[in-house]
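2 protein chains.
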Amino acid sequence: MKQTDGGVTAAQGFKAFGLRAGIKPGKTNKDMAMVWSDTPAAYAAVFTTNKVKAAPVLWDKEIADKGNTVRAIVINSGIANACTGEQGKKDTETTALLAADALSVSKEEVLVASTGVIGAPLPMDVIEKGIKELSGKLQSDIESGTLAAEAIMTTDTKKKEIAVEFELGGKRVTMGGMCKGSGMIHPNMGTMLAFVTTDAAISADLLKKALKEDVKDTFNMVSVDGDTSTNDTLMVLANGCAKNAPVTAEGEDFETFKKALHFINEYLAKRIAEDGEGATRLFETTVLNAKTKEDARILARSVISSNLTKAAIFGKDANWGRILCALGYSGGDFVPDKTDVTIKSDKGEIQLVAGGMAASYSEDVASEILGADAVTAVIDVHDGDFSATAWGCDLTFDYVTINADYRS
Amino acid sequence: MKQTDGGVTAAQGFKAFGLRAGIKPGKTNKDMAMVWSDTPAAYAAVFTTNKVKAAPVLWDKEIADKGNTVRAIVINSGIANACTGEQGKKDTETTALLAADALSVSKEEVLVASTGVIGAPLPMDVIEKGIKELSGKLQSDIESGTLAAEAIMTTDTKKKEIAVEFELGGKRVTMGGMCKGSGMIHPNMGTMLAFVTTDAAISADLLKKALKEDVKDTFNMVSVDGDTSTNDTLMVLANGCAKNAPVTAEGEDFETFKKALHFINEYLAKRIAEDGEGATRLFETTVLNAKTKEDARILARSVISSNLTKAAIFGKDANWGRILCALGYSGGDFVPDKTDVTIKSDKGEIQLVAGGMAASYSEDVASEILGADAVTAVIDVHDGDFSATAWGCDLTFDYVTINADYRS
Numbered sequence: 001m002k003q004t005d006g007g008v009t010a011a012q013g014f015k016a017f018g019l020r021a022g023i024k025p026g027k028t029n030k031d032m033a034m035v036w037s038d039t040p041a042a043y044a045a046v047f048t049t050n051k052v053k054a055a056p057v058l059w060d061k062e063i064a065d066k067g068n069t070v071r072a073i074v075i076n077s078g079i080a081n082a083c084t085g086e087q088g089k090k091d092t093e094t095t096a097l098l099a100a101d102a103l104s105v106s107k108e109e110v111l112v113a114s115t116g117v118i119g120a121p122l123p124m125d126v127i128e129k130g131i132k133e134l135s136g137k138l139q140s141d142i143e144s145g146t147l148a149a150e151a152i153m154t155t156d157t158k159k160k161e162i163a164v165e166f167e168l169g170g171k172r173v174t175m176g177g178m179c180k181g182s183g184m185i186h187p188n189m190g191t192m193l194a195f196v197t198t199d200a201a202i203s204a205d206l207l208k209k210a211l212k213e214d215v216k217d218t219f220n221m222v223s224v225d226g227d228t229s230t231n232d233t234l235m236v237l238a239n240g241c242a243k244n245a246p247v248t249a250e251g252e253d254f255e256t257f258k259k260a261l262h263f264i265n266e267y268l269a270k271r272i273a274e275d276g277e278g279a280t281r282l283f284e285t286t287v288l289n290a291k292t293k294e295d296a297r298i299l300a301r302s303v304i305s306s307n308l309t310k311a312a313i314f315g316k317d318a319n320w321g322r323i324l325c326a327l328g329y330s331g332g333d334f335v336p337d338k339t340d341v342t343i344k345s346d347k348g349e350i351q352l353v354a355g356g357m358a359a360s361y362s363e364d365v366a367s368e369i370l371g372a373d374a375v376t377a378v379i380d381v382h383d384g385d386f387s388a389t390a391w392g393c394d395l396t397f398d399y400v401t402i403n404a405d406y407r408s
Numbered sequence: 001m002k003q004t005d006g007g008v009t010a011a012q013g014f015k016a017f018g019l020r021a022g023i024k025p026g027k028t029n030k031d032m033a034m035v036w037s038d039t040p041a042a043y044a045a046v047f048t049t050n051k052v053k054a055a056p057v058l059w060d061k062e063i064a065d066k067g068n069t070v071r072a073i074v075i076n077s078g079i080a081n082a083c084t085g086e087q088g089k090k091d092t093e094t095t096a097l098l099a100a101d102a103l104s105v106s107k108e109e110v111l112v113a114s115t116g117v118i119g120a121p122l123p124m125d126v127i128e129k130g131i132k133e134l135s136g137k138l139q140s141d142i143e144s145g146t147l148a149a150e151a152i153m154t155t156d157t158k159k160k161e162i163a164v165e166f167e168l169g170g171k172r173v174t175m176g177g178m179c180k181g182s183g184m185i186h187p188n189m190g191t192m193l194a195f196v197t198t199d200a201a202i203s204a205d206l207l208k209k210a211l212k213e214d215v216k217d218t219f220n221m222v223s224v225d226g227d228t229s230t231n232d233t234l235m236v237l238a239n240g241c242a243k244n245a246p247v248t249a250e251g252e253d254f255e256t257f258k259k260a261l262h263f264i265n266e267y268l269a270k271r272i273a274e275d276g277e278g279a280t281r282l283f284e285t286t287v288l289n290a291k292t293k294e295d296a297r298i299l300a301r302s303v304i305s306s307n308l309t310k311a312a313i314f315g316k317d318a319n320w321g322r323i324l325c326a327l328g329y330s331g332g333d334f335v336p337d338k339t340d341v342t343i344k345s346d347k348g349e350i351q352l353v354a355g356g357m358a359a360s361y362s363e364d365v366a367s368e369i370l371g372a373d374a375v376t377a378v379i380d381v382h383d384g385d386f387s388a389t390a391w392g393c394d395l396t397f398d399y400v401t402i403n404a405d406y407r408s
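The listed protein sequences derive, respectively, from chains B and V.
Each residue of the first sequence is one higher than the last, beginning at 1 in this note's numbering.
Each residue of the second sequence is one higher than the last, beginning at 1 in this note's numbering.
Incorrect hints may have been included.
To be verified - DSSO-like, lysine-lysine: derived pairs with alpha carbons at most 27 Å apart:
hint: 1; chain 1: V; residue 1: LYS216; chain 2: B; residue 2: LYS51
hint: 2; chain 1: V; residue 1: LYS53; chain 2: V; residue 2: LYS2
hint: 3; chain 1: B; residue 1: LYS51; chain 2: B; residue 2: LYS90
hint: 4; chain 1: V; residue 1: LYS129; chain 2: B; residue 2: LYS51
hint: 5; chain 1: V; residue 1: LYS344; chain 2: B; residue 2: LYS344
hint: 6; chain 1: V; residue 1: LYS338; chain 2: B; residue 2: LYS61
hint: 7; chain 1: B; residue 1: LYS51; chain 2: V; residue 2: LYS51
hint: 8; chain 1: V; residue 1: LYS338; chain 2: B; residue 2: LYS51
hint: 9; chain 1: B; residue 1: LYS291; chain 2: V; residue 2: LYS216
hint: 10; chain 1: V; residue 1: LYS338; chain 2: B; residue 2: LYS293
hint: 11; chain 1: B; residue 1: LYS159; chain 2: B; residue 2: LYS137
hint: 12; chain 1: V; residue 1: LYS51; chain 2: V; residue 2: LYS107
hint: 13; chain 1: V; residue 1: LYS270; chain 2: B; residue 2: LYS89
hint: 14; chain 1: B; residue 1: LYS338; chain 2: V; residue 2: LYS53
hint: 15; chain 1: B; residue 1: LYS291; chain 2: V; residue 2: LYS51
hint: 16; chain 1: B; residue 1: LYS216; chain 2: V; residue 2: LYS338
hint: 17; chain 1: B; residue 1: LYS259; chain 2: B; residue 2: LYS208
hint: 18; chain 1: V; residue 1: LYS216; chain 2: B; residue 2: LYS338
hint: 19; chain 1: V; residue 1: LYS51; chain 2: B; residue 2: LYS338
hint: 20; chain 1: B; residue 1: LYS51; chain 2: V; residue 2: LYS107
hint: 21; chain 1: B; residue 1: LYS338; chain 2: V; residue 2: LYS347
hint: 22; chain 1: V; residue 1: LYS90; chain 2: B; residue 2: LYS338
hint: 23; chain 1: B; residue 1: LYS90; chain 2: V; residue 2: LYS338
hint: 24; chain 1: B; residue 1: LYS293; chain 2: V; residue 2: LYS107
Unchecked claim - Covered stretches of chain V (chain B as the covering partner; in silico rule of three or more C-beta atoms under 8 Å from a C-beta of chain B):
hint: 25; segment: 54 to 62
hint: 26; segment: 201 to 211
hint: 27; segment: 286 to 299
hint: 28; segment: 323 to 329
Hints in this document: simulated from the structure, not taken from any laboratory.
Each residue gets a CB set at the ideal place from its N, CA and C atoms; glycine is no exception.
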């Protein structure tokens with residue numbers, strides 16, 4: 001497997017485009033994107049667990065439940081189409097219908113994703129204009145994929161895309177993806193959306209299985225602020241254009257496919273954490289030697305989600321008491337007295353905790369290590385064989401600024 | 001029942017004192033307190049659910065489990081005596097022993113509470129000096145109770161104490177309390193500690209029952225930052241000095257006692273929320289008409305715990321999408337489409353959400369209402385008969401300052 005250029009258009013048979021339709025305020029921000037597959041693509045997706053689900057989430061979920069193939073995705077940023085009642089559902093269906101007409105497919109082959117302000121209605125005249133323009137401009141080049149990756153951004157400071165090539169059944173297969181989100185949610189201009197495309201031939205059932213398993217260790221291990229959006233969506237489209245012998249059973253090919261999917265998902269998930277609202281650094285936590293995989297995940301996630309730990313990371317303060325505290329209230333199983341904590345970055349590595357108590361270390365050296373752009377806490381609980389990693393960011397003044405002052 | 005002056009020394013037969021022993025940095029901050037009961041007091045307590053428990057928590061819990069009566073509480077601020085291993089346990093026992101010697105009681109009659117930096121050892125010479133001085137200065141006047149309330153503060157900006165008088169079996173009974181905490185935890189200088197004293201005669205079993213039930217709707221409905229301390233402790237001492245016919249069975253007297261305890265606990269819990277680290281306003285959320293009591297509690301607590309909602313309250317932004325979002329991921333049962341949201345304060349009242357969608361309201365009026373020192377969100381889910389209220393505060397720049405910069 002090797003990393004390559006591009007994102008959603010890297011795989012064969014996929015086209016995309018992104019442009020400004022006029023949903024967002026201002027005059028220059030792109031706010032609509034479209035992704036297209038030349039052939040019917042197997043489709044798998046996971047969605048927000050929030051009880052309040054945006055209209056496009058309900059639409060995409062219904063298509064996923066039916067198990068049909070799909071051809072296109074229409075995405076808008078600026079308005080989330082959440083808490084918009086029956087009108088919101090109609091607007092999502094109209095969006096799919098308009099795209100279906102423009103692309104000569106059926107509306108059940110069109111997925112829809114929205115991100116932005118909760119409670120506001122979609123400006124359907126703008127959406128209609130955008131769809132017409134997008135469907136005439138779809139291209140398979142890398143640049144067009146990048147335009148799509150830019151058009152789905154909201155409070156993101158960087159576009160997020162990635163692609164890899166690997167061999168599957170003797171054929172060269174490509175998988176690429178893009179995502180947006182600088183928090184699990186920022187309900188004015190928020191949500192985590194991710195789109196992965198591949199030219200691999202794989203059955204819908206195995207695609208779903210691979211996605212469902214992998215998301216536990218990638219996107220579900222990211223937190224910026226602990227708030228889960230009404231719109232979170234991660235979808236994978238596999239169109240078979242690579243002409244590999246279709247993956248229809250578990251085995252070596254399926255493992256290879258899963259490895260590529262994991263690479264893409266982990267890369268994109270980390271970019272979301274790193275670009276968290278107001279973040280100055282990526283904060284990674286690895287829990288080693290937990291009793292079960294789920295304990296490892298719970299423990300790791302609790303540390304990167306703790307406001308106090310996140311504020312300490314911002315302040316370059318080796319405040320290990322907050323880390324032990326977050327482990328302690330997580331609900332994950334571990335023995336405090338057996339726990340070691342080490343922090344590391346490209347500036348060095350130092351042990352803070354040995355057997356649940358302070359190790360002998362220099363606060364100055366620790367602070368220096370915590371000053372890097374990416375910081376990892378390695379927590380060895382010496383209690384079993386399972387490990388997990390979670391990704392978050394620091395809690396900063398800018399987080400408060402972005403979320404207190406946005407509409408005022 | 002009527003509110004009266006004072007705190008832990010308001011009830012008959014209780015003495016207290018607070019002073020500077022020299023645990024905290026600086027020269028003026030008080031850091032040790034003692035509470036004394038002239039007669040053996042029935043004792044009930046609830047403790048942190050954190051798996052990492054400070055040494056004094058383990059000590060007090062053992063005494064609670066044995067069900068013995070108690071005579072004294074020794075409290076220090078500045079150092080939490082958490083994550084301090086076997087030495088920490090010895091230090092707590094020594095603290096109890098020193099106080100027991102000075103007061104001529106047994107060490108099992110002495111409770112210990114600590115709050116402050118995690119991981120540091122207690123300076124036992126300073127503690128010893130403090131205990132000797134405190135035991136000679138115990139007084140039953142209101143001012144001595146206030147000195148104790150001041151000595152247990154850490155990042156608190158205000159002392160927190162309250163007392164009430166009520167009639168029980170024809171006798172005048174008094175109950176008073178003090179607490180500290182401006183967050184569920186601030187592991188450098190943190191923790192929620194609360195102490196309630198009453199001269200009511202009541203069996204230990206009923207005291208425990210009353211406390212266990214009431215804490216669900218008072219202290220457990222408060223959150224400042226979602227982090228649960230290693231040291232959280234709430235204890236109630238009842239010494240019977242009011243000479244009422246002892247409350248030994250459920251019935252009218254027990255209900256009267258519970259009402260007083262609820263008043264004290266709710267008052268103290270709200271003071272903690274209001275004095276949350278960096279807070280500029282108290283943020284109360286009441287959920288009405290939920291399917292079960294537990295659903296009402298879960299829903300209310302999720303809203304006051306949401307970083308995004310807290311940041312919006314700081315920014316006086318009527319961002320109801322964040323409130324619906326927090327309800328949605330809480331795990332509590334409700335129907336989004338039936339939900340109404342109204343905000344109110346001493347500056348007015350306005351409905352933001354009707355049936356899960358935007359009501360017609362003025363952003364300017366809403367912002368004006370949110371500018372008050374105390375703001376309430378009333379969420380009617382129209383789904384049953386149960387209600388609950390939770391208390392939190394806004395998320396501000398100062399929260400980040402306090403928690404990022406404390407040790408740097």
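How the hints compare with the structure:
no. : hint                : verdict
1   : LYS216/V - LYS51/B  : holds (25 Å)
2   : LYS53/V - LYS2/V    : violated (37 Å)
3   : LYS51/B - LYS90/B   : holds (20 Å)
4   : LYS129/V - LYS51/B  : violated (57 Å)
5   : LYS344/V - LYS344/B : violated (47 Å)
6   : LYS338/V - LYS61/B  : holds (22 Å)
7   : LYS51/B - LYS51/V   : violated (30 Å)
8   : LYS338/V - LYS51/B  : holds (13 Å)
9   : LYS291/B - LYS216/V : violated (31 Å)
10  : LYS338/V - LYS293/B : violated (39 Å)
11  : LYS159/B - LYS137/B : holds (20 Å)
12  : LYS51/V - LYS107/V  : holds (26 Å)
13  : LYS270/V - LYS89/B  : violated (41 Å)
14  : LYS338/B - LYS53/V  : holds (14 Å)
15  : LYS291/B - LYS51/V  : holds (15 Å)
16  : LYS216/B - LYS338/V : violated (32 Å)
17  : LYS259/B - LYS208/B : holds (14 Å)
18  : LYS216/V - LYS338/B : violated (32 Å)
19  : LYS51/V - LYS338/B  : holds (13 Å)
20  : LYS51/B - LYS107/V  : violated (52 Å)
21  : LYS338/B - LYS347/V : violated (53 Å)
22  : LYS90/V - LYS338/B  : holds (19 Å)
23  : LYS90/B - LYS338/V  : holds (19 Å)
24  : LYS293/B - LYS107/V : violated (44 Å)
25  : 54 to 62            : violated (count 0)
26  : 201 to 211          : violated (count 0)
27  : 286 to 299          : violated (count 0)
28  : 323 to 329          : holds (count 6)
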